[in-house]
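Trainee: Each chain, letter by letter, is given below.
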Amino acid sequence: MSRQDALVTADWAEENLDAPGVVFVEVDEDTSAYDGGHIPGAVKIDWKTELQDQVRRDFVDKAGFEKLLSAKGISNDDTVVLYGGNNNWFAAYAYWYFKLYGHTAVKLLDGGRKKWELDGRKLDSAVPERPQTSYTAQEQDLSIRAFRDEVVDAIGTKNLVDVRSPDEFSGKLLAPAHLPQEQAQRGGHIPSALNVPWSKAANEDGTFRSDDELRKLYETEGLDSSRSTIAYCRIGERSSHTWFALHELLGESDVKNYDGSWTEYGSLVGVPVETGDGKS
Amino acid sequence: MCGAPEQTAEVPAGVDLTKESVLVGKVTNGGSPVGGAYVRLLDGTGEFTAEVVSSATGDYRFFAAPGSWTVRALSRSGNGQADVAVQGPGLYTTEVPVG
Chain A
1 MSRQDALVTA DWAEENLDAP GVVFVEVDED TSAYDGGHIP GAVKIDWKTE LQDQVRRDFV
61 DKAGFEKLLS AKGISNDDTV VLYGGNNNWF AAYAYWYFKL YGHTAVKLLD GGRKKWELDG
121 RKLDSAVPER PQTSYTAQEQ DLSIRAFRDE VVDAIGTKNL VDVRSPDEFS GKLLAPAHLP
181 QEQAQRGGHI PSALNVPWSK AANEDGTFRS DDELRKLYET EGLDSSRSTI AYCRIGERSS
241 HTWFALHELL GESDVKNYDG SWTEYGSLVG VPVETGDGKS
Chain B
1 MCGAPEQTAE VPAGVDLTKE SVLVGKVTNG GSPVGGAYVR LLDGTGEFTA EVVSSATGDY
61 RFFAAPGSWT VRALSRSGNG QADVAVQGPG LYTTEVPVG
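Residue numbers (this note's numbering), protein chains in the order written: chain A, 1 to 280; chain B, 1 to 99.
Looking at chain A on its own, in the form it has when it is part of the complex (with noise of 0.2 Å):
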């Protein structure tokens, strides 16, 4: 994987909007916005309603995930380009789920919504009519998945990369500061977590940074690139960002998103916790 294999930009997004087998897909937290303007052509994606489980806590399954893509139009040859608010973090969120599911072409749009919409591009509100398709998905690709035993034996032993905030990290918020504060039962980190927050990754404009600046970052923070990382946050969707740019763009090799992250694992009765900023 490389930047140009999983990146597209702006510019070349405009200039391929109605480029046969490419599909734009928004993917918000805000799971409104694409409703009041949307790249022209993007159908939408509900992570919330259409990617979770609606009883069990976990992904739908295969079947799930064939019938989801199949109604909303998407092909196995489709390129699939992702994009939403929020600096990326749910549209990397998908894309981590896409290839998870086994989807070949996938890409994400640099700078997502807000790039789109700060350099005055166009946004459109027609909901897109896509004929509907047979959709085969793969098993998953467990191995960019981490499940929370593994994160437990992780400890001390693999990267463990906790993407949140410094306050979160240090057990001062249990949630971003733009959320009510709810979720895990207990704030902290997972012991000898590096706490290298999503945003160092991205720009102001929610651009990823350059592989340079991604590469002398993680570097920095002290990530054992000899060792397999594991990355994790609140819920899963800014460590796709951080996988995304160390998997993905850095080309690293074994590294997992632990989609569980602090809310699971905040809640686990009998783990090791650890609290202030991991550098004492």
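Worth flagging that the hints you see were computed from the coordinates, not collected in a lab.
Built from N, CA and C at the ideal position, the CB exists for glycine as well.
Distance condition first, Cα-Cα at most 25 Å in a straight line; then the derived SDA-like pairs of lysine to any residue:
| hint | chain 1 | residue 1 | chain 2 | residue 2 |
| --- | --- | --- | --- | --- |
| 1 | A | Lys172 | B | Gly14 |
| 2 | A | Lys122 | B | Gly36 |
| 3 | A | Lys122 | B | Thr57 |
| 4 | B | Lys19 | A | Val273 |
| 5 | A | Lys200 | B | Thr70 |
| 6 | A | Lys279 | B | Glu47 |
| 7 | A | Lys158 | A | Arg227 |
| 8 | A | Lys122 | B | Ala56 |
| 9 | B | Lys19 | A | Thr275 |
| 10 | A | Lys172 | B | Val15 |
| 11 | A | Lys172 | B | Pro66 |
| 12 | A | Lys279 | B | Leu42 |
| 13 | A | Lys72 | A | Pro20 |
| 14 | A | Lys200 | A | Ile235 |
| 15 | A | Lys158 | A | Val269 |
Over 12 Å on every C-beta distance to chain B, these chain A residues come out as not near it, computed from the model:
| hint | residue |
| --- | --- |
| 16 | Ile74 |
| 17 | Glu139 |
| 18 | Leu214 |
With beta-carbon atoms standing in for the labels, derived distance ranges:
| hint | chain 1 | residue 1 | chain 2 | residue 2 | range |
| --- | --- | --- | --- | --- | --- |
| 19 | B | Pro89 | A | Thr104 | 44 to 52 Å |
| 20 | A | Asp5 | B | Ser32 | 38 to 46 Å |
| 21 | B | Thr45 | A | Ser267 | 25 to 33 Å |
Here the structure of chain A is known, so what remains is to put chain B in place on it, guided by the hints.
Mentor: Relative to the frame of chain A, chain B by itself:
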């Protein structure tokens, strides 16, 4: 005090202002509210903490721990920022002019 009811309305139900510190305010340009601005909360070292999009009435809202914060707004009509010192629980109202 004429702004008080409006500010109260911006705080969601269930938020206890005796326990949480909430930063609110409007992004403005020449005194008019700017909706759709990207409002970023930066910590005392200038590091990014959170981001929201201002509402149609230019409003933003963050939950923050005590400390020094900068609220920075990016918009199509320009950027701007304002500093906020959070001493403890309560409502902190700050206007962020852009241009």
